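Participant: Assemble the whole structure, with the sequences as input and the hints as a guide.
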Amino acid sequence: MKFQEMIGLAVYDVEEGKHIGKICDFILTNDWQLTGIELDGRAPFSKQVKTVSWEDIVAYGKDAVMIRNKQAVRKTDADNIQYSYLKGHHKLRDMTVLTQEGLQLGRITDVYFDQQMGKNILGLEISDGFVMDLMEGRKWLPRTNEMMMGEHTVVVPTASEQHLVDAIHSVNG
286 MKFQEMIGLA VYDVEEGKHI GKICDFILTN DWQLTGIELD GRAPFSKQVK
336 TVSWEDIVAY GKDAVMIRNK QAVRKTDADN IQYSYLKGHH KLRDMTVLTQ
386 EGLQLGRITD VYFDQQMGKN ILGLEISDGF VMDLMEGRKW LPRTNEMMMG
436 EHTVVVPTAS EQHLVDAIHS VNG
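Residue numbers (the numbering used here): 286 to 458.
These aren't lab readings, by the way, just hints derived from the structure by calculation. The structure presented is a predicted model; accordingly, all values stated were derived computationally and were not measured. All C-beta atoms, glycine included, are put in the ideal place defined by N, C-alpha and C. It is possible that part of the hints are untrue.
[Said to hold, decoys possible] Restricting the straight-line Cα-Cα distance to at most 27 Å, the calculated cross-link-like pairs of lysine-lysine (DSS-like) are:
hint	residue 1	residue 2
1	303	404
2	404	287
3	287	307
4	307	376
5	307	332
6	287	376
7	335	287
8	303	360
9	287	347
10	360	335
11	347	332
12	347	376
13	332	372
14	303	347
15	335	303
16	303	287
17	347	404
18	332	376
19	372	287
20	347	372
21	307	360
22	360	404
[As the list claims (entries may be wrong)] Computed Cβ-Cβ distance ranges for the label pairs, DEER-style:
hint	residue 1	residue 2	range
23	293	339	13 to 23 Å
24	300	435	16 to 26 Å
25	388	300	33 to 43 Å
26	304	447	39 to 49 Å
27	404	375	16 to 26 Å
28	375	450	24 to 34 Å
29	346	386	36 to 46 Å
30	385	329	17 to 27 Å
31	375	405	18 to 28 Å
32	446	353	37 to 47 Å
33	300	440	36 to 46 Å
34	399	300	20 to 30 Å
Facilitator: Written out as structure tokens, the structure reads:
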């Protein structure tokens with residue numbers, strides 16, 4: 286499953302069946318661990334965002350995300366979020382992917398994660414620009430332990446260019 290497929294999904298509380306909000310972002314650590322989601326509804330000029338820890342998510346599918354209860358929603362200081370997908374100081378979307386030798390592979394357009402295992406990041410969807418996307422399509426780069434998430438770029442092993450494959454619509458089927 287891809288992050289972009291889940292942005293905008295409704296989030297519901299399992300205990301009361303109450304609509305809590307919608308997913309507007311994903312929260313990650315620098316070692317590629319998915320730690321939670323950010324919900325919409327941030328107050329203007331506020332540094333606080335509504336988040337749900339990944340452990341509080343009971344289930345998710347193509348139509349909705351189910352959380353344990355409304356107490357799972359927490360206020361988090363946006364400055365304390367290490368990495369995010371769409372927003373924040375260190376967002377993955379549009380981050381440049383470079384090899385250790387300085388070859389630019391493209392920019393991140395989406396992140397794939399394991400729908401069955403949850404927190405595991407499987408790979409990155411990479412664009413090499415609009416024209417190349419039209420001619421060859423976007424590429425998918427499987428994640429390895431050697432990939433390093435930095436402040437402005439993702440650095441990958443030199444041989445990573447050989448592992449780029451055509452992007453897939455869904456990793457899990």
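Participant: Verify the proposed pairing of residue 347 with residue 404, using a straight-line Cα cut of 27 Å.
Facilitator: holds (17 Å)
Participant: Need the status of pair residue 347, residue 376: alpha-carbon distance at most 27 Å?
Facilitator: holds (24 Å)
Participant: Compare the distance between the alpha carbons of residue 332 and residue 376 with 27 Å, and conclude whether the hinted pair is satisfied.
Facilitator: holds (16 Å)
Participant: Holds or violated: residue 360 and residue 404, Cα atoms, limit 27 Å.
Facilitator: holds (21 Å)
Participant: With the threshold set at 27 Å, check whether the alpha-carbon distance from residue 360 to residue 335 stays at or below it.
Facilitator: holds (5 Å)
Participant: Starting from residue 335, check that the Cα of residue 287 is at most 27 Å away, please.
Facilitator: The hint holds at about 21 Å.
Participant: Falls inside 37 to 47 Å, the C-beta gap from residue 446 to residue 353?
Facilitator: holds (43 Å)
Participant: Hinted pair, alpha-carbon criterion (27 Å max): residue 303, residue 347. Please report holds or violated.
Facilitator: Within the cut-off at roughly 18 Å; holds.
Participant: Taking the Cβ atom of residue 375 and the Cβ atom of residue 405, is their distance within the range 18 to 28 Å?
Facilitator: holds (20 Å)
Participant: Taking the CB of residue 404 and the CB of residue 375, does the distance hold inside 16 to 26 Å?
Facilitator: holds (18 Å)
Participant: Check the hint pairing residue 303 with residue 360 against an upper bound of 27 Å on the C-alpha distance.
Facilitator: Roughly 19 Å between the alpha carbons, so the hint for residue 303 and residue 360 holds.
Participant: Is residue 372 within 27 Å of residue 287, Cα to Cα?
Facilitator: holds (16 Å)
Checked against the numbered hints listed earlier, the structure breaks hints 11, 24, 25, 30; every other hint is satisfied.
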